[in-house]
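**Q** In case you want the letters, here they are:
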Amino acid sequence: MAKTEQRSRLSRSRTRSAWLFLAPMLVMLLIVAAWPLGRTIWFSFTDASLDLMSEARWVGFRNYLEYVDFGDGEGQYYGLLADPRWWRSVWNTILFAAVSVSFETVFGLIIALVLNQQFRGRAFVRAAVLIPWAIPTIVSAKMWAWMLHDQFGIINDMFMALGMISEPIAWTASPETAMVAVMMVDIWKTTPFMALLILAGLQMVPGDIYEAAKLDGVPAWRVFRRLTLPLIMPAVLVAVVFRALDALRVFDIVYVLTPNTDATRTMSVYARENLFDFDQFAYGSAASTLLFVVIALITITFIMATRMDLEGKRS
Amino acid sequence: MKHFRNLMTGIATTTLLATGAIAEDLTIVHGSVGRDQEVLRGQLDRFEAETGHTVTIVSMPESTTDQFGQYRLWLSAQSSDIDVYRLDVIWAPQLASHFVDLKPHVADIVDDFVPAAIESQTVDGKLVALPMFLGAPALYYRADLLEKYDQEVPTTWQELTEAAQVVMDGERAEGNTDMWGFVFQGAAYEGLTCNAQEWINSSGGGRIVELDGSININNPQAAAAIDLAASWVGGIAPEGVLNYKEEDARGVFQSGNAVFMRNWNYAYALAAGEDSPVRDSFAVTTLPSGGEGMSSSATLGGWNLGVSRYSENQEAAIELARFLTNYENQKERAIVTSRPPTLNAVYEDAEVAEQQEFIPLWKPVVDNALPRPSAATLRKYNEVSAAFWTAVHNTMSGDGDAATNLSRLENELKRLRGPRW
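Protein chains in written order, with our numbering: chain G, 12 to 326; chain B, 10 to 430.
Please note that the accuracy of each hint is not assured.
Claimed, not checked - Mimicking DSBU-like on lysine-lysine, the simulated pairs with C-alpha atoms at most 30 Å apart in a straight line are: (1) B:K254 / B:K423; (2) B:K372 / B:K135; (3) G:K153 / B:K254; (4) B:K112 / B:K135; (5) B:K254 / G:K200; (6) B:K135 / B:K340.
Hint data in this document are derived by calculation from the structure and do not stem from the laboratory.
Using the sequences and the accompanying hints, generate a full structural model.
**A** What follows is the structure, given as structure tokens:
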């Protein structure tokens, strides 16, 4: 009896000090994350404009959806949920995220497997693959914009010299290739990040498993399928979630390479355009709020579908 | 020695107090193309020497759409970091409340300016910014190539299309495979609004939103003009033109790879520069029109100096705006960067006429330049412009024909307008 009481008192005091140590971080999060997010959500229900933020009035769901009756028996839906440009941006974003994260995962896995082998100069190669990731996105996007230029770009020049294309391709201008160009640049830039996270997972795999498999004569492909892949899966999934979160709010690459075109406009670009270029601060806030909701839904679905271990119970 | 130093300090202090001149640190922001930056720096150095103030330049990207987003943020945050903004001619109605009314500060010189320039910056009687230089685009053409293929200088868009095709085909047959017929600003940004407005207006298709606020875009003349432009893409114009801004177009023309180019006046000084391969072979004329009996349209462009209401050195900032628009500096800009001046007198300056032949000839073009519908649409101008350039850009990328896209645009503009602009 006395023992349990003692233990519970001990655990209570541990819980208390845990909260005490967490408190500064929670306060910080409240200030830098919860407060701005809450304000954005609030503005999305008002008629705020950037110049007159203090005079914002509550307008309900008008920025999201509103039925305007023309008075002659006809009417039309307005608002974000009825805006085809918004849904096009949502589709562009999801397409961008799905394609580029898939490629980045596969390429990252291949690079990580190579870098996990023992070879001379490994440290040098490990540092070298990180270069694209280390260049600021704005700089690398601008660099690619010049390389992809239809008249002076080096990419067209190289492809022409190799005889792969007969005339220069307008990579960033043509609606068919604009999204491909954006994805290409993102894959080039972010594959090293994936490789690094997966490499960390690979190094957790104990070497004696491989030795045992070798003694039993298991072929290399099966070792990878049955041993390596399941063991690094948790690390890969965490990496994918990180990248997907990042890719769903992509802004800088699109903004530098192909701003303002329907073919590549993403949710973030759409929100920024309304917030700052147009006099539509409230509407832009609504877009930002929906952007948050869409990302949250996709992430939660992904975590549930892959039964990701967030509580740390299985380890 | 010590006495001498004290004496000097005393004299310096007295002079400062007497003239009331205290050295301020000013900041000016602009988006530079061509040689804007070096000319501005040179003029600021003289300003610094004359007044003792120091001026820092903050340089922005060339796209005016990008500049606007950043300026709006700074101004809404009431930032005192920037004292003088270089503002596009279309921004005055949207940003008026953030700038000092310059009217009382320039009463002595305001009559020397081109009236249209002052008018474009006046909102409800308030002078938002002081016009620095004007812009009225020109058709740049390769005189040598037109002569070689026996083509006239085109006066209509149809003639331009035909001449461009003839020259381009001929040059390509001779092995010059990089040759294109026509380059312009086709990226989805404010520049496309200027280009497309010229095609439509010069074909009798109205001005998107008329001065009284009525919407005038869904008409056959406008649709025909946009369809013609769409036929250029991948024909006489490279497909990449859909992502070209001013400097991309100039890059193609100046390296000798285009017969025609639509561009602003700054490109003249650069295309005629020492290192330009086309310096002896190109000429400029007014933009073509839609056909017989129609007149050419040139969008009114230009940049203006506004003094931020949130500046802590307003007096010095106004002094700077006045300095940069004075006769000497406008003359230098006209000669070095071929920017049309905003002072009437500079157009009559003999030295300017000798160095940049086209400037005196451009006075009528500037006087009759076509303003964009920014005055009629007020705070909604950016959205109107974005809706317009999107409809045009979609048509040119093959996403729907002009008639359909313009009819959609009309509905979108009606919704945007609501009961009033």
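**Q** A separate judgement is required for each hint: does it hold in the structure or not?
**A** Each hint, compared with the structure:
1. B:K254 / B:K423: 29 Å, holds
2. B:K372 / B:K135: With a Cα-Cα distance of about 26 Å, the restraint between K372 (chain B) and K135 (chain B) holds, given a limit of 30 Å.
3. G:K153 / B:K254: Measuring from Cα to Cα gives roughly 14 Å; hence the hint holds.
4. B:K112 / B:K135: 7 Å, holds
5. B:K254 / G:K200: 26 Å, holds
6. B:K135 / B:K340: Holds: K135 (chain B) and K340 (chain B) sit about 27 Å apart, inside 30 Å.
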